[in-house]
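Enquirer: So in numbering that gives the first Met the number 0, spot 609 of the sequence shown is number 608, and the numbers just go up one at a time.
These aren't lab readings, by the way, just hints derived from the structure by calculation.
Please read these numbers as outputs of a predicted model, since none were measured by experiment.
Treat the hints with care, as some may be off.
Here are the computed lysine to aspartate or glutamate pairs in the EDC-like style, where the Cα-Cα straight-line distance is at most 20 Å [what the hints assert, rightly or not]:
1) LYS269 / GLU254
2) LYS145 / GLU35
3) LYS590 / GLU535
4) LYS365 / ASP416
5) LYS17 / GLU618
6) LYS73 / GLU206
7) LYS144 / GLU189
8) LYS208 / ASP71
9) LYS73 / GLU243
10) LYS537 / GLU593
11) LYS465 / GLU409
12) LYS528 / ASP587
13) LYS537 / GLU485
14) LYS73 / GLU236
15) LYS60 / GLU618
16) LYS537 / GLU525
17) LYS590 / GLU543
18) LYS183 / ASP169
19) LYS17 / ASP292
Per label pair, the in silico range of CB-to-CB distance [said to hold, decoys possible]:
20) ASN125 / GLU586: 55 to 61 Å
21) SER261 / GLU124: 40 to 46 Å
22) PHE257 / ARG389: 16 to 22 Å
23) ASP524 / ASP256: 27 to 33 Å
24) GLN398 / TYR496: 39 to 45 Å
25) GLN398 / GLY497: 42 to 48 Å
26) LYS560 / ASP256: 41 to 47 Å
27) ALA499 / GLU430: 23 to 29 Å
28) GLY518 / GLU232: 53 to 59 Å
29) ASN125 / GLU543: 43 to 49 Å
30) PHE49 / GLU618: 28 to 34 Å
The beta carbon of each residue, even a glycine, is placed where N, CA and C say it ideally should be.
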Amino acid sequence: MRDIPVGNGSLLVTFDDKYQIRDVYFPHVGQENHTEGFPFRFGVWADGEFSWIFSDDWTRKLCYVSETLVTDVKLTNESLGIEVVCNDTVASHENIFLRRVRVSNLRDTRRETRVFLHHDFRIYENKFGDTAFYDPESLALVHYKKHRYFLINTAPHFDVFSTGRKAFRDQEGTWRDAEDGELKGGAITEGSVDSTIGIYLNLEPQETKEFFYWICAGFSHDEIVRLNNHVHEQTPEKFLNYTENYWRVWVNKNEQDFVNLSPEVINLFKRSLLIIRTQIDNDGAILAANDSDVTERATDHYSYLWTRDGAFVVNALDLAGYPFLTRNFFNLCAKIIHDDGYFLQKYNSDGTVASGWHAAWDVWAKKRLVPIQEDETALVIWALWEHYDRFREIEFVRQFYRSLIVKAAEFMCAFRDENLKLPLPSWNLWENQRGIHTFTCATVVGGLRAAANFARLFAEHERAEKYETVADEIVAAMREYLYSQELGRFLRGLQFYGDANFEIDATIDASLFGVFYFGAFSAGDELVKNTMQAVEEKLLIKTEIGGVARFEADDYMQITKDAGGNAWFICTLWLADFYIAQAQTEEDLQKAVEILEWTTMRALPSGVLAEQVNPLTGEAISVSPLTWS
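Work the whole structure out from these sequences, hints included.
Expert: Right, dumping it as structure tokens:
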């Protein structure tokens, strides 16, 4: 789990729940992780006693300064008689991580205190061939490999430092050397290396002293030295204050009518905007999550662009009035779309194709498969029309008409079952089934109608009619094949065995909200209301924690079978979308408001939203923050 991320779109720093730096991504959000998830340790020595802040004798409060991407962290160790308050940020326009550290003596005696900060870089995501050295010109520590450089410094200047070997034979690292309150030096080390610095603070009774600490990231030694000089010239305090002010202005740039929403909901809205910004690369990729802990239970992570997730996020940002962020996403999509008109499963931040498990060959039927989740293609076109419809940027969308919109729409028209008139089987949004899924069909309807709108915009009326006709045929086929008269609701989908044989999948799935959300059916249609009633009845968590599960019998990270699953923030909020869509009066909105209040209760104290919620304890489960949440 990760908390209180700070970033600027090219440098992202994340923390675990113990306030240890765990991920340092540069030069793209989500790519490359120069720590591989290994912690940067933070320790305090006072009068001969030493403690790392991850130990149980510390209490921790991890939050943000209101309306900013500056952290507000309080660490207290009663047995040590020390309190530490930290403010972390990444400069809004420079690749500099900056921290203010205030250390307080809680006792009525004079104290000799030392703070130790450790760095476990694994540059380019491996520990081999790194170098750490003390640079006497910049009076700083430097870690580097090839074209990645990191400079570490403090003000006032650190008192001691050490570079050394780590994770090699019996050498654990320089952090172990710090535990006696001393560092033995070591001006340069190559290979598998780490470094530690020490700052000495003599504290009078009840006195507080502060220092600033920063890490500059760059592509060359000259660049990080320039950034280091810039911090000294501007002073780190001014840097911190400027960044705090920048984000406060950024998050309040639009006047929002919050009507009667509570301060807690309003604060979470603003916090979500800020956290989403940390997960968006400056070149347009919107990362699903940047939490390397997931690699402990899998051999991969979530630091990828799924265009489906991205489409949901850009639509939310457009609604909130942040189109300057979403344009880069569409620019990137136009570059990475396949020549045949679809998007693959996921992509790296730089637009290259990421790891995947969607096969392109059916080993049993001996035939080619298109390795996609078709909703990822449809939703990009849907989101692009929503963007245009709000901002009317015809010159912006014009560049995408042939290369993205028509290309994707023609694929969606062709990728259909000739008999059923439904989209051909592809992977579902949860990536656990291949078939014809109601959610996917609904997104294709939304995508084709969006493409038809664009075709009319550019005076291609025959093309518009073609796309509308195909969308209407899919809606009719959904009514015929994907709605069960017997059950009185939509099915999750159809599972195929062979080319023509299929069975219905009647599982109740939260993603069925898509039948109204993308315009295939109206929220007031009885088919939709019956379906959403079934979602409400079957997927609400059966504990006092509340929330909505993904689907019936979901065993992914299951805590207990008795609860009916784990609550997912996105699934719970989809139910709120339904309440809003069918509301006729302000009173009708109350159920949606209650879900928003539930969300504020289940967020971390910082406002971070994880993927899931433990149905017994309410604790965050799985990756955090999940950008989609």
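Enquirer: I want to verify a distance hint. Is the separation of the beta carbons of LYS560 and ASP256 within 41 to 47 Å?
Expert: holds, 43 Å
Enquirer: Could you see if the CB distance from GLY518 to GLU232 stays within 53 to 59 Å?
Expert: Distance hint for GLY518, GLU232 holds at roughly 55 Å.
Enquirer: Within 40 to 46 Å: is that where the Cβ-Cβ distance between SER261 and GLU124 falls?
Expert: Given about 43 Å between the Cβ atoms, the range holds.
Enquirer: Given the hinted pair LYS144 and GLU189, is their Cα-Cα distance within 20 Å?
Expert: holds, 10 Å
Enquirer: Please test the hint of 55 to 61 Å on the beta carbon pair from ASN125 and GLU586.
Expert: Given range 55 to 61 Å: holds, Cβ gap about 58 Å.
Enquirer: Given the hinted pair LYS365 and ASP416, is their Cα-Cα distance within 20 Å?
Expert: Satisfied, since the Cα-Cα distance of roughly 19 Å is no more than 20 Å.
Enquirer: CA of LYS590 to CA of GLU535, is that 20 Å or under?
Expert: holds, 12 Å
Enquirer: Does GLU618 sit within 20 Å of LYS17, going by the straight-line distance between their CA atoms?
Expert: Given that 20 Å is the threshold and the Cα spacing comes to 15 Å, the pair holds.
Enquirer: Holds or violated: are the alpha carbons of LYS528 and ASP587 at most 20 Å from each other?
Expert: holds, 14 Å
Enquirer: Are the Cα positions of LYS73 and GLU236 separated by 20 Å at most?
Expert: Holds, at roughly 19 Å.
Enquirer: For the pair supplied as a hint, LYS60 and GLU618, is the alpha-carbon distance within the 20 Å limit?
Expert: Holds, at roughly 16 Å.
Enquirer: Holds or violated: 42 to 48 Å for the Cβ distance of GLN398 and GLY497?
Expert: Given a distance of about 43 Å, which is inside 42 to 48 Å, the answer is holds.
In this structure, every one of the numbered hints holds.
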